[in-house]
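Enquirer: Residue numbers (the numbering used here), protein chains in the order written: chain A, 1 to 175; chain B, 1001 to 1702.
Read the hints as simulated data drawn from the structure, not as lab findings. No false leads were slipped in.
Each computed DMTMM-like pair below joins lysine to aspartate or glutamate, with the alpha-carbon atoms no more than 20 Å apart:
1) A:K117 - B:D1235
2) A:K109 - A:D128
3) B:K1618 - B:D1276
4) B:K1190 - B:D1278
5) A:K117 - B:D1261
6) B:K1525 - B:D1584
7) B:K1212 - B:D1276
8) B:K1187 - B:D1276
9) A:K117 - B:E1083
10) B:K1187 - B:D1278
11) B:K1525 - B:D1612
12) A:K109 - B:E1083
13) A:K109 - B:D1231
14) B:K1621 - B:D1688
15) A:K109 - B:D1235
16) B:K1048 - B:D1174
17) A:K109 - B:D1261
18) B:K1190 - B:D1612
19) B:K1618 - B:D1688
20) B:K1190 - B:E1216
21) A:K109 - A:D89
So the derived list for chain B, only partly shown, Cβ under 7 Å to chain A, looks like this:
22) G1085
23) T1118
24) C1155
Here are a few chain B residues that face chain A, going by a calculated C-beta distance under 10 Å:
25) S1039
26) A1042
27) G1082
28) E1083
29) G1084
30) V1086
31) Q1114
32) F1116
33) L1157
34) T1158
35) D1159
36) W1259
37) L1260
38) D1261
Nothing here was measured: the structure is a model prediction, and the numbers come from that model. Here a beta-carbon is modelled for each residue, glycine too, at the ideal position from N, C-alpha and C.
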Amino acid sequence: MTTPTNQANPSHRRAVKPLLYLILMFTLVLALDWYRNQQVPERLPEYQQLIDLYGQEHNLEALSQQGPLLVYFWATWCPICQLTSPIIDNFNADYPVVSIALRSGDNQKLQQYMTAKGYSFPVINDQDGQLTAQWQVGATPTIAVVENGQIVSVTSGVTTSWGLHARLWFYQYFN
Amino acid sequence: MYNFYSLWRKPWLLFGLFCGLLFTANTLASPPSSGWLTSAEAPHLSVKLTLTGQYDATSRVLPATLQVQLADDWKTYWQAPGEGGVAPSLQWSESQSITNLDWFWPAPYRYMVQGFATQGYQKNVTFPLQLQLASGATSGILQGVLTMPSCTTVCLLTDFALDLPFDLSTLQADEEQVFLFSQAMSKVPKALAGVQIQQAGLTANPGQILIKMTREHTWITPEIFIHSNDDALADVVYQVAVPKVSGADLSVMVTASHWLDLPTLAGKTLTITITDQDFAAAYPVTLTASTLATTDSAPSLLLILLLALAGGLILNIMPCVLPVIGIKLQGLLLSKPQQTSTIRKQFLASALGIVASFWLLAIVLSLLKWSGESIGWGIQFQNPYFIGVMILVTWLFTLNLAGAFELRLPGSLGTWAATKGNNSYAGHFLQGMLATVLATPCTAPFLGTAVAFALSADIATILLIFTALGIGMALPWLLLAALPQLSGWLPKPGRWLCWVKPIFANMMFATSIWLLSLLTPFIGKVAFGLLLSALLLLTLLVMARTFGLKIMLYLSSALVLLGAALGAVLLLTAASWQQVLPADHSWQTLSEQHIQTAVEAGNLVFVDVTADWCITCKANKIGVMLQQPVFDALAAPDVLRLRGDWTLRNPAVSQYLQSNNTFGVPFNKVYGPAAPAGIALPTLLTTDAVLQAMEQARDHTN
Chain A
1 MTTPTNQANP SHRRAVKPLL YLILMFTLVL ALDWYRNQQV PERLPEYQQL IDLYGQEHNL
61 EALSQQGPLL VYFWATWCPI CQLTSPIIDN FNADYPVVSI ALRSGDNQKL QQYMTAKGYS
121 FPVINDQDGQ LTAQWQVGAT PTIAVVENGQ IVSVTSGVTT SWGLHARLWF YQYFN
Chain B
1001 MYNFYSLWRK PWLLFGLFCG LLFTANTLAS PPSSGWLTSA EAPHLSVKLT LTGQYDATSR
1061 VLPATLQVQL ADDWKTYWQA PGEGGVAPSL QWSESQSITN LDWFWPAPYR YMVQGFATQG
1121 YQKNVTFPLQ LQLASGATSG ILQGVLTMPS CTTVCLLTDF ALDLPFDLST LQADEEQVFL
1181 FSQAMSKVPK ALAGVQIQQA GLTANPGQIL IKMTREHTWI TPEIFIHSND DALADVVYQV
1241 AVPKVSGADL SVMVTASHWL DLPTLAGKTL TITITDQDFA AAYPVTLTAS TLATTDSAPS
1301 LLLILLLALA GGLILNIMPC VLPVIGIKLQ GLLLSKPQQT STIRKQFLAS ALGIVASFWL
1361 LAIVLSLLKW SGESIGWGIQ FQNPYFIGVM ILVTWLFTLN LAGAFELRLP GSLGTWAATK
1421 GNNSYAGHFL QGMLATVLAT PCTAPFLGTA VAFALSADIA TILLIFTALG IGMALPWLLL
1481 AALPQLSGWL PKPGRWLCWV KPIFANMMFA TSIWLLSLLT PFIGKVAFGL LLSALLLLTL
1541 LVMARTFGLK IMLYLSSALV LLGAALGAVL LLTAASWQQV LPADHSWQTL SEQHIQTAVE
1601 AGNLVFVDVT ADWCITCKAN KIGVMLQQPV FDALAAPDVL RLRGDWTLRN PAVSQYLQSN
1661 NTFGVPFNKV YGPAAPAGIA LPTLLTTDAV LQAMEQARDH TN
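Work out the full structure, taking the sequences as your base and the hints as a guide.
Expert: Structure representation (C-alpha cells):
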C-alpha cells in the first residue's frame, strides 16, 4: 500500500539529481575561471588614468571597494562582442561597469558606434591598445571582475547573462 | 705584393675567406624573408613575409608572399570580414624606396561564428603581395607593422614589426618562393569567362540588392561574397542569403547594412566573388537604382506548398524510387487476402515512414544550416559512410526480394511491433523511409523550386515544405489507404509472379551497384572494382546457398549475358548519354627536346603547363581546350601535345616557365615550323587565340 509520504519521496529524490548537476556546473565554471585566472595578474595594473568618452575619470581601486566591479574589454571589430555588449549593458544598471574599447578607432567613431548600438556603459578608448596590454589581456571580449582592488575573475569569449550573474553573486557573498 | 702562396701560410685567413664566400652564396641563394614570426600573446598564429627574389625591371615590381598559419579553429579575415571582424593590414609607410604595395586576396570561405557570418581563412593562407619599387632605386627596406586579426569565440589583434632590407644586385629568384607566389596568385579570383552577371540592382527595400547570373554549366555548391573598394562604402556589411539555383541560373539576395548610416549604393561599384568547388571568379558590377521588385519574385508560401506536393508526387515515378515501389507491389501481390483495415494500416504506416523521413531530413538540414555548413538536396550522398550503410540496406532488400531470406525484425523490435497489433507495420514504416532516402538523389519537376525556397527559409518553413513534400510523395499510399478496395484491381498472384520477382530484385541490386559507384571518388577506381566483384560474388554465393548450385550457375550466366547486352546497348547509344565534354586527349610529358624534334620534323607543338590547384587552368581546359573546334584542332595528326604538370614542385617545369619569362600557370604556347620560338597564348585562353596561333605556326610553304 502506498502512503502519501511514499509518493512524495521519489519526487524529492528526483529533484536531487538536477541540483547536483547545477552544483557541478557551478563548480566547473569556477574551476575554469580559476584556471584562466592563473594567466592574469591578481593585482590591478599600476595606476591607470581611465577617462571615458565624456571626460569622466574612473578609479577602479576606489570603485571596487564597495562591491564587485565589472571591467569589460571589447572592440567594434569583434563579432562575439555583438553578443556580449548588450549583456554588459544590462548589468550596468545593477553593478558598476567600466569598459575598455580596444583599438576601435578615434573618440568620434567610438561615440557614434555607442550611440548607434544604444549602449550606455562608460567606455574608455584604448585606441593603441596600451591600457589593455598592461592587464595582459589580449582577447576580446574579456570580462574581469574586480573586488577590493583585486582581480578575482577573468572570462573570455561567449558569456551568458546567467553565468555572469552567478559569478558576481558568488564573489559578492563568498569572497 | 700578396700572392696566393702567402694565403696558404695563413690557414685562418683562408678559413675566413671560405666562410665569407659561403655566407655570400647563402644570401645570394635565399631572398629576404622575415622568417616565421610569432607572438607570445597569440601562440596560435605565425606569419612569414618573403620576397620571391624576382624583379621585373620594366614594371619595377617585387613579388612577395605573406604566409599565415593558424592553429586549431582560429581564423583570420578576408578583405571584407563579414558581420564583424577586421581585415589584416600592413602599414608600410616607413619603408624606403617602396612607392606602393598591392595585397591580393585568395578566395575566402564563409564561417558561422555564434550565428555571425564571417569571411576568411582557417588553418593557413598565403597572400601574394606586389611591392612597387621607386624609380632609380636599387635597394630598399620594407619596414612597417603587420596587424593580423585572429578569432575563434574571442578576437585578437596581433602586431608584427617587419624590417626587410633588399638589394637588387644580390636578389635572385628562389624556385620555392616563386612556386608559392604563383600558387597563391592562382587562388585569387579573376574575371573568368563563363559566368555572366545579368543583373545587379537595388530593390525598393533599403539596402537590398538582387544579383542574377548565369553560367555555362550547372551550379553545384555556389558561395557568393561581396566587397567594395569604394571608400564611400567602407564598413558596409553585406549579408548574403542562400543563393537560389536552378540549373545554370543563380539569383541571390544581398542585404547591405552599416552600423551608422547606410551610404548611397546606387551607381557604386561592388565586386562579386563567386566560388563553386574548384571554380572561383570575381566580377565588378555597378549597382543600378531601385527598379527591381522587393522580393526575388518570390512565390507565395501557398504556391510553394502546392509545388512541394506536386514535386513529392512526381518523385514516385522517378527512377530512384522504382525499386522500392517494386517491394511494395510485391508485398501487395503476395499478401493473402487481408482485411481492408489491415491493408489500410499498412499503407498508412508506409506513408508515415515517408513523412517521418522528410521531417528527419528537414531537421538535419536545419541543423547543418545553423552550424554554417553548405546544404542542399541529397547532400547525404556526399558522405561515404552514409552511402556504405545504404549499400548494405539495399543489398539486404535485394536478397529479400530474391527470396534468399524472409524479412523478420530483430527480437525486441519485433515484440514492440507485435504489441502494436501486427508486426509488419514497422516493416512498412521502414519501407516508406527507404523510399524517401532513395528518392533524394533524384529531383523531380517542381521539387527544385520548393527545396530551394525551403533551404533559404527559417526552420519552421523548412519543416512545413518538407512535410508537404512527404505528403506529396505519400499520396499514392494514402490513396490506397483511403480506398483499400483499389488493391483488389491488381492482378491476382499466379505463376507470372515468379518472373516479376527477379525483375524487382534486379532493380534493387542495380541500386546497390549504383550506390557503390558513388563511393568511387572516396575510395578510388581499383577499390570500387574490387568491392563490386566482392558484392557480385557474395550475392551469387548467397543465391547458391538458397537455391542450389545449378540455379546459381544459370543466374551467373544470365548476368554475364545481361551485362554484355547492356554494354552493347550503351555502346550503340553512346552519343545520347555520354557527357557533353569529351575525355581529354593523351598528353606527353613536356620536354624542350621534344619541342625541337617535332618542329624540325614540320609538326606543331601545343604546350600546356597546368596544375590541379590552378582554377584558371581548369577554366581554360573546360572552357576552351575540351570544346570544339579547339578539341579537334588539338587532335590533328601533326600536333604534338605536351603537358607540364606543376601540381607539385617540378624543376623541369619551373625551368621551362622561367625560360619563358613567366612564373605562373596556366601557361600555353604553340610551336611550329613557321614559329620555332613559339607563340605564347594569353593566360585566359580563347578559341580564336588558340586557332590563330596554330594557324600562324603551321608551315604553309608546301
